[in-house]
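*Asks:* Kindly generate the complete structure, drawing on both the sequences and the hints.
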Amino acid sequence: MNANVPDSKKISPFLVFFLIHTMQTGVGILGFQRFIAKTAGYDAWMSIILSGLVVHILLWMMFKMLKIANGDMTSIHTLILGKKIGKILSSLFILYFSLYTVTILRSYIEVIQVWMFPELKTFWFALAFLILVIYIVFGGFRTVAGIAFFSIVLPFYIAVLFIITIQYSDFTNLLPIFDHSVKEILLGSRDMTFTVLGFETLLFFYPFIQNPEKSKKWAHLGALYTTMICIYLAILAFGFFSEAQLQKNLWPTLTMWKIIKLPFVERFEYIGIANWGIVILPNLCICLWCASRLAKRIFSIRQKTSIPVIATLCLIATSLLSTRDQINIVTDFTAKVGFYFNTIYIPLLFAGTLIAKKVRNRETHS
Amino acid sequence: MFNFFKNSEKESLDKILAKSADFKCLEYYNNKSNISFTLKFLATLVDEKTIQDSVLPYLLEGNFKQIEDVKQIVPLPDIKLSEDISQIEDMIFNGSVLLTVNGKDNKFCFLGAKKEIGRNISLPEVEFSVIGPKESFVESLDQNLNLIRKRIPVKELVIEKKTVGTLSKTKVAILYIDGITNTENVNTVRQRIEGIEFDEITDSSYIVQIISDNQNSPFPQLLDTERPDRISAILAEGKVAIFVDGSPHALIGPTTLVEFFSSFEDYYLNWILSSFFRLIRLFAVVFSILVTPVYVATLSYHYELIPQDLMSTLVASRRAIPFPPILEALFLELTIELLREAGARLPTKVGQTIGIVGGIVIGTASVEAGLTSNILLIFIALAALASFTTPVYRIGNTIRLLRFPFLLFAEVWGLLGIIVCFCFLLTHLIRLTSLGRPYLEPLYPPRMQDLKDAFIRLSFDKQRKRPFLLNTKEPYRFPKKAKKEKKDIEDE
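Top line first, the protein sequences correspond to chains A and B. Here the numbering used here is used: the first residue of the first sequence is 176, the next is one more, and so on. Here the numbering used here is used: the first residue of the second sequence is 12, the next is one more, and so on.
It should be emphasised that the hints constitute simulated quantities derived from the structure, not laboratory data. Since no wrong hints were added, every one of them can be taken at face value.
Each computed SDA-like pair below joins lysine to any residue, with the alpha-carbon atoms no more than 20 Å apart:
#, chain 1, residue 1, chain 2, residue 2
1, A, 436, B, 314
2, A, 185, B, 447
3, A, 479, B, 435
4, A, 242, A, 530
5, A, 533, A, 245
*Replies:* Spelled out as structure tokens, the structure:
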């Protein structure tokens, strides 16, 4: 199997903006303020900027690697480690993305169960949602990108509506600046990184971009936009809650919605949470798509077979997670894996790619 | 094309035709040149007055010695000499008279004397507009093509003809402008029409369904219109039009979802007005699909969502109602659907009575009887009204249908269900194509350029570029104007 993708199945470079941004925003953004404020207090907005910078550096590395390997993650692995070990390492990512799918789906269902429907049956809702995801992924990557696009354009009004909370906020909460040590801010940015993970999917859909050189700009803009949204939401939450209040709040973003009142809508969070379904939908699609694409690249399994199989496994795993503690364990585990993958494995891989390129060059020259 | 009538090879054409009462085989004798000849035709297809006035007198009294003379002596425009026997069947069924000189069977002649029966060009009924031309297509292909030729009198307008249907032998014309329309689109249309395998094509609606990209979609994937002005406008844009003989509706492709919500009158109004009306129509569609599902969702699950003042109104209207919101909504929706179905099949005068009986009597009575709440009745009536605002009838039907899955999802999971159903719809639309081009364009793939004539319509000087969707050979509609220096207020 090679990475060649027919031109008609590729997407325009600027859609990468939406793909990167949508993967970074998911359920995490509903409650990240608490985590970062835990260590960095109300200086945590600096942590967000720091972690944003890290994302940009990682993105730069990824593009560099992908250009050298001229393919996707499996090509990079093959380039550095050879076919066999490369395949084994790549196949681990099928597990990673399946786990990712389960985490996203289960934590969204948890939000629904806590805020909207205490009696919602995890299995049935997950089933309906996964059928939807399968329907999307069967449409190919273009359809997945389309859903990513709409998932940002359609719920945009929510971001604007947050302005209503400003009149209830006190932004002097943010002062004084720099009353936390550098170490605390760095720790805060580590916690922040959990929220903005997901851009590593670039390593897998890269061959599907028309003119990948042009997409660089859009990928970075997407990451920048995520950072801006996070700062916006964090500053709003810091102004809205006192530090002690914030620590008791699992989902500060959701709680802020409660203050929004329109003439015909009393409790906006219902609309918000329902709408969040659109926001997390592309994350599931991209994860499932990546997993099935990997299966195709490594084991040459038809995507039409692997997608239903992976989805069924995810459905079983999702329904098995029932208590808050279990969900927490899985979420933390996924976040850790993602964190280490992004901050340690990718730089290592980057170094490996550069060395491999040098070695190749020398071989061809001599 | 496969042949249905296996025995027709064996029996001669004459013998088979002789079974029909309208087949005429008449022998004549010209005294002047001592020649006897035969006319064979189908009386139902041929205008006998033409034969009487402009064929027979000349053949009987003219200088008619051999078959080649016919062209000189008979004053008809459509005369064709031939030796090819295989043509006979086609020509006779197209309203020609077969002329043979007795004794010399190898050569014969076709005289065109087709009888034209059909209605005259009339007002557009489905796509009526107050401003603009008032003619609409009729069932005759030639008349329809004439209407288009008159509007685009250039040599680049190509009319390709095909015949489809093993029994109906329906004539289908493909229209496009050479040098503008993308050849790929024309080829797709041509291939699909040639690929049609069906016996009886009675209307263009058959063709839409057969050549659609996805036959299992409730969305029409080709636009149909009865307005010649619309057809000429889309031809100029670079689209392909398909005409079907016997159908007063021409087809347009490739099309997009947004196009179904644009009325052609939009182009006759100032761009600010037409943009406003388009937005209203769009709102109407969303409202029409979502209002009852949202009602069911909020009243079944999320009554906290409604502010207190509004809640008391709602509760008061629902207090005496014994059914859950979903049954109430389904009952009313079905009533409206029944009224529409009943009204659609009835003559206009009876239809009005149905409207009164349905709208006023059933509506008021069911509220007074305590079966439904009057607020829901208002919503349903508004939703029905809103669904009538769609300028293309076909998409209105789709919207009627869409409401029901939304209702069911709303009943199961409330607002969340509506979002899930919406996502299914969105995915379906993203995946849908019209002649291989994305159906949801310019929304997805997002193309800013094509938004100039989608939800709003910008003024004509902004419409210089042809739609990007069509990938036309000539992307500009008119040359760029030289940039004028911007005048100040008092400048001349």
